[in-house]
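Participant: Residue strings, one per chain:
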Amino acid sequence: MYMNLFDKLFPIHRSITGDGVRKTLSILDELVPIKQYEYPTGMECFDWTIPKEWNIKEAYIKDSRGKTILDIKDHNLHLVGYSVPVWGTFSKQQLMRHLHTLPDMPLAIPYVTSYYKENWGFCVQHDRLGEFTDDEYEVVIDTSMEPGSLTIGEGFIQGETDQEILFSTYVCHPSMAVNELSGPIVQTFIYQYLLEQENLKYSYRFLYVPETIGSIAYLSQHGEKLKENVAAGYVVTCVGHGESFTYKKSKRGDTLADKAALHVLHKTAASSKILEWSPFGSDERQYCSQAFNLPVGSLMKTMYGDYPEYHTSLDNRELISEKAMKEAVDTYISIIQTIEANETYKSTHIHCEPKLDKRGLYPSVGGTRGAKEKDEVSMITNLLAFSDGNHDLIDIANKINKLAPELNETALLLTEKDLLRKCDPLPVEAMKAIVGQIG
Amino acid sequence: MYMNLFDKLFPIHRSITGDGVRKTLSILDELVPIKQYEYPTGMECFDWTIPKEWNIKEAYIKDSRGKTILDIKDHNLHLVGYSVPVWGTFSKQQLMRHLHTLPDMPLAIPYVTSYYKENWGFCVQHDRLGEFTDDEYEVVIDTSMEPGSLTIGEGFIQGETDQEILFSTYVCHPSMAVNELSGPIVQTFIYQYLLEQENLKYSYRFLYVPETIGSIAYLSQHGEKLKENVAAGYVVTCVGHGESFTYKKSKRGDTLADKAALHVLHKTAASSKILEWSPFGSDERQYCSQAFNLPVGSLMKTMYGDYPEYHTSLDNRELISEKAMKEAVDTYISIIQTIEANETYKSTHIHCEPKLDKRGLYPSVGGTRGAKEKDEVSMITNLLAFSDGNHDLIDIANKINKLAPELNETALLLTEKDLLRKCDPLPVEAMKAIVGQIG
Amino acid sequence: MYMNLFDKLFPIHRSITGDGVRKTLSILDELVPIKQYEYPTGMECFDWTIPKEWNIKEAYIKDSRGKTILDIKDHNLHLVGYSVPVWGTFSKQQLMRHLHTLPDMPLAIPYVTSYYKENWGFCVQHDRLGEFTDDEYEVVIDTSMEPGSLTIGEGFIQGETDQEILFSTYVCHPSMAVNELSGPIVQTFIYQYLLEQENLKYSYRFLYVPETIGSIAYLSQHGEKLKENVAAGYVVTCVGHGESFTYKKSKRGDTLADKAALHVLHKTAASSKILEWSPFGSDERQYCSQAFNLPVGSLMKTMYGDYPEYHTSLDNRELISEKAMKEAVDTYISIIQTIEANETYKSTHIHCEPKLDKRGLYPSVGGTRGAKEKDEVSMITNLLAFSDGNHDLIDIANKINKLAPELNETALLLTEKDLLRKCDPLPVEAMKAIVGQIG
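Chains as they are written, first to last, in the UniProt record's numbering: chain G, 1 to 439; chain A, 1 to 439; chain P, 1 to 439.
Keep in mind that the hints were calculated from the coordinates and are not lab data.
Mixed in with the good hints, there may be bad ones.
All copies of an identical chain are treated as equivalent in the list; a pair is satisfied when it fits inside any one copy or across any two copies.
Said to hold, decoys possible - Restricting the straight-line Cα-Cα distance to at most 30 angstroms, the calculated cross-link-like pairs of lysine-lysine (DSS-like) are: (1) Lys62 - Lys117; (2) Lys323 - Lys35; (3) Lys273 - Lys399; (4) Lys402 - Lys372; (5) Lys67 - Lys372.
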């Protein structure tokens with residue numbers, strides 16, 4: 001399922017603009033509804049400008065005997081992203097100035113782009129440099145760089161409130177697996193899961209953007225609305241490889257996004273690495289910029305920079321695994337369930353404990369309770385003791401080493417019995433109000 | 001001394017009501033003055049109602065040949081607490097539904113009660129089930145369950161202020177040693193120690209209550225007064241077994257009760273376990289309920305649930321030790337001395353250090369000081385440096401690894417020399433004011 | 001260089017008053033400008049009074065045959081500091097009451113003083129007591145104790161602002177190396193370094209005081225001005241021995257002095273010990289007294305009390321090393337550079353990241369950056385992300401494991417490019433304002 005989708009998306013030549021993005025989004029749209037929005041070339045987005053649209057027909061190098069020695073048909077990474085059109089003959093010396101290799105990874109094709117400065121070039125395995133023995137080469141780069149637009153994909157599920165959970169991933173890297181295809185694949189299966197759920201409390205937004213320029217463009221149009229509505233969010237990237245999880249906190253570091261993710265990882269992950277926010281990373285750099293400072297973190301498996309194949313042709317089908325992607329989807333779903341379940345209650349009986357047995361909530365014969373009954377009694381008494389309007393379900397679950405959703409049924413039962421009353425507003429709104437006062 | 005009292009109290013059949021409680025309190029009253037208060041059946045106490053009074057004359061099972069095979073004369077735990085009166089013949093099958101055993105502790109009689117649901121039953125060692133070979137049995141449970149009252153014992157020592165230190169223990173468990181007799185025994189010897197003291201700054205209250213219903217009943221009548229006056233309090237339970245201490249914090253977690261207990265344990269206990277408050281426990285569940293939130297913790301030795309004999313007939317004279325109870329009394333006394341000694345001072349000379357030698361407070365020949373003099377100089381200089389109205393004696397003692405009472409004499413000397421002035425009000429009142437602002 | 005100065009200063013007989021101090025300051029004045037100020041005998045300084053001035057011509061003991069057996073010509077420490085004049089014959093028994101030894105360090109002459117109580121005495125190696133075999137001894141102590149004055153040395157460098165960095169060391173110990181000569185030597189070379197610097201942001205003050213009475217006297221005249229102006233300060237003492245550093249925090253514990261010192265030690269010191277402020281120590285006892293509470297810590301190498309030779313004749317030329325003193329000077333200079341470089345900025349582009357390449361701040365070809373470029377990009381992006389008026393350069397440098405001065409050039413570049421704007425006022429003033437609200 002995951003790998004089928006992977007195989008469809010891998011060969012497409014994506015860049016920050018062009019038909020590769022549109023084709024990618026169309027394939028994902030077969031699984032989940034994704035609207036495509038176009039941002040025209042020249043549009044100003046804060047400090048940035050939407051560049052010309054880049055598309056590619058073919059690109060190759062032939063030697064003096066007319067033999068093709070490099071062709072993007074073999075690997076999309078052979079061409080430097082955003083290379084200008086070229087049709088000519090170059091001396092070996094001239095060509096070499098446009099060839100990129102990785103001397104310390106001689107079997108890997110590097111990933112190189114030149115989005116914002118006109119340039120052209122090819123990338124090749126360092127070990128293959130010896131094949132360039134001729135004095136002259138024919139270079140063809142049949143690309144177009146014209147006024148056009150940048151494409152962003154968006155999905156949305158309306159929940160009971162406009163408070164929303166944001167997921168964002170990027171779709172601008174050609175033919176690399178962990179970074180980037182694991183991101184859109186995992187996000188799409190999270191989206192699919194949510195489409196099947198009923199009575200969602202929160203709304204859910206799924207962005208598929210060209211990295212950096214895409215999130216900046218989106219924020220330039222919708223940033224203030226996100227600031228108002230986003231209760232928690234995650235940048236979904238590098239979720240295709242490795243056993244353990246890495247969670248990078250939001251810049252604020254104590255948001256609902258962080259609280260829910262850390263709660264789930266602490267309870268379910270065998271091992272995980274927790275990082276403070278930094279400006280080294282992906283689109284959380286924009287979402288958490290000072291003017292927005294959204295509650296957006298990023299749950300990853302082995303992250304960018306932590307594996308040697310990153311940003312090379314070795315980040316391929318062999319590196320990625322369905323198992324890792326599935327674990328990422330499951331953990332994200334567990335986080336969503338935690339956020340959905342999370343509520344803050346107030347106990348109605350605050351003068352000593354309420355009498356549980358007269359409400360059928362406590363075994364009437366003392367001293368002979370089994371493990372399951374003890375568990376239920378523990379949830380009841382902790383919910384009643386700590387529900388004071390300042391502790392939400394996650395807080396109480398943390399105290400008794402449960403997942404917040406495990407407390408949900410008991411909390412609803414106690415609400416029915418009029419022992420708990422749900423607090424308004426949603427915990428995230430209260431949290432935002434507090435952060436507003438402090439920050 | 002401790003064990004003599006133990007031997008007098010152990011055989012009494014206590015429950016949450018009835019003459020067993022009264023007899024227990026009368027025996028303790030021979031050592032320390034304890035007033036008995038009666039709360040009548042049917043009285044409403046918050047969400048609870050005082051139950052009918054339960055008393056017991058005899059209870060036994062005879063086999064078909066008239067041979068007694070189970071009798072509470074042998075062990076009080078044989079009868080399920082609050083069993084209704086029964087006089088009749090039962091088939092083996094019928095009887096078995098009323099027999100409680102512990103299959104994984106086959107030599108122990110379990111402790112079972114049914115306070116709030118009419119029922120009857122017997123408890124027996126699992127290994128003895130094989131003795132029940134007959135088809136019919138005569139069952140006699142000669143108990144009474146009539147309108148009456150619940151009994152609470154109270155002692156009180158008036159100190160210089162009405163601010164009080166609360167001790168509470170429970171007297172409703174029949175014939176078990178660590179839980180519960182160590183509690184009333186230790187509390188009584190703490191009480192006896194305090195009766196011998198003069199010039200106590202704080203008042204002291206000692207409650208002997210049937211667990212849960214007793215503290216709820218007391219709080220329903222006196223809760224507001226306790227809220228006003230209690231500076232610190234402790235539930236005294238499970239103080240009869242084990243080497244190390246367990247301290248369970250008050251719900252607030254940073255009260256004078258916690259500060260003093262942690263200070264003493266840190267300095268004097270070889271090892272100790274510190275627990276956050278939880279609703280699993282004893283009467284601190286009521287004292288710390290949201291409406292009261294009293295500064296009440298619980299200093300224990302091996303605690304309920306941490307030893308396998310808990311709530312069985314194996315929690316007996318062999319498990320408890322005078323040594324453990326003595327250590328608990330000594331540690332509680334050290335905590336009391338700490339609270340009594342604790343004061344907040346302000347230095348009068350805040351522009352550089354005052355000159356100590358001209359007040360006879362410093363050896364005039366430099367460089368040749370012995371350990372004792374250094375110790376005294378350390379206490380003097382630290383008291384002067386940190387007494388700024390925000391650090392009390394416990395804070396300063398923590399800095400130099402002393403017990404707060406060890407600083408008392410020096411603090412009084414510095415007060416005489418007009419280098420320190422005592423702050424009003426009592427530190428606890430200041431602390432309560434601060435907590436009031438925050439909480 | 002360091003040891004030449006040491007050899008000039010070591011033989012001088014210093015005490016808290018007298019010509020020894022003046023001579024010491026005059027020798028240092030040959031290297032850096034030091035003004036001498038005199039505080040007259042009898043002058044009241046808070047709780048203290050300037051004592052009579054003490055000077056010494058000679059002091060010796062002769063046996064009954066006229067043979068000199070103890071003479072301060074051999075070692076200044078042989079005489080108890082502030083010994084009154086004595087000229088007479090004493091029985092062995094009488095003499096012994098005036099002889100000080102260290103039985104557990106039999107080869108060391110102890111350091112003993114009696115500043116504020118009239119007394120006299122000699123100090124001798126315990127092993128030499130056996131030489132005192134005669135019945136009578138001639139004792140000559142040709143000292144003077146007359147109305148005079150106490151001398152304080154002061155240097156000052158005016159910077160761009162009146163906000164100042166305070167250095168303080170003491171000059172009252174005779175013939176000991178680590179404590180005290182390392183202090184004035186290191187402070188003098190720090191001072192010399194600063195004299196060579198241009199465009200200093202802060203002003204710098206260098207105090208050379210007799211310990212305790214000197215800093216108290218100075219504070220009695222200038223304490224309010226220091227309170228207004230001192231941004232950070234350090235007591236320079238025990239900086240002549242050992243590999244690792246010891247930093248004793250200011251009493252407030254979170255001042256610029258502490259922040260800068262801990263930042264530098266964390267980044268540069270192989271090992272260091274961090275101590276909370278206590279009233280055991282040197283002149284930070286006065287600078288941090290409640291009325292002033294200056295941001296003054298103390299960076300030391302092996303500190304007073306941590307080496308057995310402390311306050312004896314074994315604290316000598318063999319114990320001290322130029323290497324240790326040089327390391328101390330270098331580390332203090334690094335702290336100064338940190339404080340000078342430290343600024344708080346605000347990013348001007350807070351809606352997403354600014355576009356760096358169009359300002360020439362980012363390599364335009366992605367994916368092939370070298371370590372140096374990555375380092376520069378890391379500094380740029382972290383400065384932009386965290387410069388929100390609440391994080392100063394030290395904070396940001398801590399995040400990326402740099403020294404704050406390493407960020408300076410990049411911060412200035414970003415300011416030129418109008419991406420950062422420097423905040424007013426100086427960080428220390430903002431910090432003082434905050435501390436004022438809290439404390």
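Participant: Does each hint hold? Answer for all of them.
Facilitator: Here is what the structure says about each hint:
1. When the C-alpha separation of Lys62 and Lys117 is checked against a cutoff of 30 angstroms, the pair qualifies only within one copy, where the shortest distance is 26 angstroms, while the shortest distance between copies is 93 angstroms.
2. When the C-alpha separation of Lys323 and Lys35 is checked against a cutoff of 30 angstroms, the pair qualifies only within one copy, where the shortest distance is 29 angstroms, while the shortest distance between copies is 70 angstroms.
3. When the C-alpha separation of Lys273 and Lys399 is checked against a cutoff of 30 angstroms, the pair qualifies both within a copy, at 22 angstroms, and between copies, at 17 angstroms.
4. For the homomeric pair Lys402 and Lys372, the shortest alpha-carbon distance inside one copy (13 angstroms) is at most 30 angstroms, but the shortest distance between copies (47 angstroms) is not.
5. In this assembly of identical chains, the alpha carbons of Lys67 and Lys372 never lie at most 30 angstroms apart, being 74 angstroms within a copy and 39 angstroms across copies at closest.
When the structure is compared with the earlier hints, a violation turns up for hint 5 alone.
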